Amino acid sequence: KPTFPATGYGYLHGGKEVVGISSRSVSIVQRFVEKPDLEKAEKYVADGNYFWNAGMFVWRPSVILAEIERLVPSLSSGLKELRANWESSSSLEEAMNQVYPNLKKISIDFAVMENAERVVMLESDFDWDDVGEWPAIARHYPADEKGNVFKGHGVAIDAANNLSFAEAGHCVTLLGVKDLIVVQSADATMVCHKDCAQQVKKLAQDVSNKHPELS
326 KPTFPATGYG YLHGGKEVVG ISSRSVSIVQ RFVEKPDLEK AEKYVADGNY FWNAGMFVWR
386 PSVILAEIER LVPSLSSGLK ELRANWESSS SLEEAMNQVY PNLKKISIDF AVMENAERVV
446 MLESDFDWDD VGEWPAIARH YPADEKGNVF KGHGVAIDAA NNLSFAEAGH CVTLLGVKDL
506 IVVQSADATM VCHKDCAQQV KKLAQDVSNK HPELS
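Residue numbers (this note's numbering): 326 to 540.
Honestly, the hints are just simulated from the structure, not real lab data.
All the given hints hold, so there is nothing to weed out.
As a list, the in silico DSS-like pairs of lysine-lysine whose alpha-carbon atoms are at most 25 Å apart:
id : residue 1 : residue 2
1  : Lys430    : Lys527
2  : Lys535    : Lys430
3  : Lys360    : Lys430
4  : Lys430    : Lys526
5  : Lys365    : Lys526
6  : Lys429    : Lys527
7  : Lys519    : Lys365
8  : Lys360    : Lys526
9  : Lys365    : Lys326
10 : Lys527    : Lys503
11 : Lys341    : Lys360
12 : Lys519    : Lys535
13 : Lys526    : Lys476
14 : Lys471    : Lys519
15 : Lys430    : Lys405
16 : Lys360    : Lys519
17 : Lys471    : Lys503
18 : Lys476    : Lys519
19 : Lys519    : Lys368
20 : Lys527    : Lys476
21 : Lys476    : Lys503
22 : Lys429    : Lys405
23 : Lys360    : Lys527
24 : Lys365    : Lys527
25 : Lys503    : Lys526
26 : Lys526    : Lys429
27 : Lys341    : Lys365
28 : Lys519    : Lys503
29 : Lys360    : Lys326
30 : Lys326    : Lys368
31 : Lys368    : Lys341
Pairwise CB distance ranges, derived in the manner of DEER restraints:
id : residue 1 : residue 2 : range
32 : Lys430    : Leu539    : 15 to 23 Å
33 : Glu418    : Asp483    : 47 to 55 Å
34 : Ile353    : Cys496    : 49 to 57 Å
35 : Gln530    : Ala493    : 21 to 29 Å
36 : Arg385    : Asp531    : 38 to 46 Å
37 : Val456    : Ala513    : 18 to 26 Å
As the structure is a prediction and not an experimental result, all values here were calculated from the model.
C-beta atoms are modelled at their ideal positions from N, C-alpha and C, and glycine is treated no differently.
Could you put the whole structure together from the sequences, leaning on the hints where they help?
Shown next as structure tokens:
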């Protein structure tokens, strides 16, 4: 259940309750909703029938494989090829190297779940955070009196609400800036505004395309 109008998460629009388990309800999923803007997210929270899509799925192998075959035939063929290669090769790694690079690059949500039949959801109430984005990771580290979070060495002067991740042996210094994310690794450094955090995946893809030697 959403605790704030998050714009970085997908949502599930819950429908008719089909059964109750203890104090939890199991409901039909009317639709999957992609990451909304703030206005829509606020409406979803106020509505009460929208829930964060935590990406936790439970299914029988036979059911999910049948849905993949129905909705994404090319992916189904690839999985069958993977199985055949695995059975005839010496290791799973070898089979994966042969088949996986050629599989369609698509998430399970887009490929199957948004168009699958008989999808239900279990409403849950537990602490959860999607640490797939940098601002979320910052929530799990202590901040200084100005809201700056440092993982690794860092120094901040007249700076506020920044997040810095640095590898060992490197120091990030912040002077007169706010609301930035700075991530330093051995071969790349990223600096972005927190408002742009949702575009990091696109940025990483652009770096991979322009500098394949770093991939």
